[in-house]
Amino acid sequence: MKLLGFLAPEAVIDDLQARDKSGAIKEMVAMLKKTGLLKTKQVPAVVKALLAREKLGSTGIGKGVAVPHARCKGVKSVLGLLARSTQGVQFDALDGEPVYVFFLLLSAPDASGEHLACLERVSLLLRDTNFCRFLKEAEDKKEVVELLKEAEENLKAAEKF
Amino acid sequence: MKENSVKRTVTIKNSSGLHARPAMLLAELANKFEADVTLSLGRRRVDAKSIMELLTLGAGWGSKLTIAAQGKDAPQALDAVARLIVQEFSEAKDGN
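The listed protein sequences correspond, in order, to chains G and C. Take any residue in the first sequence, count from 1 to its spot, add 25: that is its number in the working numbering. Take any residue in the second sequence, count from 1 to its spot, add 838: that is its number in the working numbering.
Source of the hints: derived by calculation from the structure; they are not laboratory data. Fair warning: there could be bad hints in the mix.
To be verified - In silico BS3-like links for lysine-lysine, alpha-carbon gap of 25 Å or less:
id, chain 1, residue 1, chain 2, residue 2
1, G, K59, G, K174
2, G, K88, C, K902
3, C, K902, G, K80
4, G, K181, C, K902
5, G, K59, G, K88
Here the structure is a predicted model, which is why all the values come from computation and not from measurement.
The task is simple: from the sequences and hints, build the whole structure.
The following block contains the structure:
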């Protein structure tokens with residue numbers, strides 16, 4: 026599973042404006058609509074599903090990172106979005122800290138395996154403190170995408186050992 | 839005194855594997871014990887008390903995970919973690 030295969034580069038959000046959970050989720054879904062990755066009529070159901078998943082337990086897994094996700098009809102395999110927040114979002118994270126990096130994942134109802142593979146890729150990145158630092162420091166969207174490409178190469182190289 | 843060190847291999851039986859919510863439940867449970875708890879899949883071995891580490895395993899249905907615990911309450915930690923995995927994280931069949 027390639028990072029840039031499921032993380033749409035055009036949908037990267039450089040700096041989220043929302044400061045709370047519901048606002049952040051709506052802003053990310055709106056970006057998927059804006060870039061044509063989701064249809065307008067899909068938006069309400071996707072927002073609802075993401076918020077319902079949060080009610081089962083926050084996807085803010087700590088260290089300033091969250092992986093909001095839901096199943097979504099009409100999506101081919103997995104669709105992902107990366108968003109940064111300079112100010113931080115109150116996301117009821119498990120460690121109580123604000124969230125600065127979001128990887129949102131929407132998976133087709135029958136794509137459990139792909140969803141798991143995407144979570145694996147994303148968590149391998151996020152566990153790397155250098156990656157997280159570079160991600161925070163990246164100047165703009167273009168640099169973020171470059172960073173993802175580089176990270177992909179590094180993951181590939183690491184797997185050879 | 840020699841510290842307790844125990845190990846057991848279990849198979850993931852829930853269809854969607856060790857995704858975010860099971861990882862959260864597992865880390866939460868492991869954190870209740872003093873013992874160090876790790877999970878291994880193939881060559882990878884991670885801290886069972888960290889959700890992010892657990893997610894890096896990408897452990898799907900049928901994966902064989904080796905749980906290892908070391909420390910004062912290691913046997914209890916091992917039993918609890920193994921039970922959670924074997925009981926499929928008490929997940930509905932189409933868990934999210």
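Right, here's what the structure says about each hint:
1. Proposed proximity of K59(G) and K174(G) is supported: the alpha carbons are some 23 Å apart, at most 25 Å.
2. Between K88(G) and K902(C) the CA atoms are separated by roughly 28 Å; this puts the pair beyond 25 Å, and the hint is violated.
3. Proposed proximity of K902(C) and K80(G) is contradicted: the alpha carbons are some 30 Å apart, above 25 Å.
4. For the hint pairing K181(G) with K902(C), the CA-to-CA distance comes to about 24 Å; that is within 25 Å, so the pair holds.
5. For the suggested pair K59(G) and K88(G), the alpha carbons sit about 29 Å apart, so the restraint of at most 25 Å is broken.
Comparing the model with each numbered hint stated earlier shows that hints 2, 3 and 5 do not hold.
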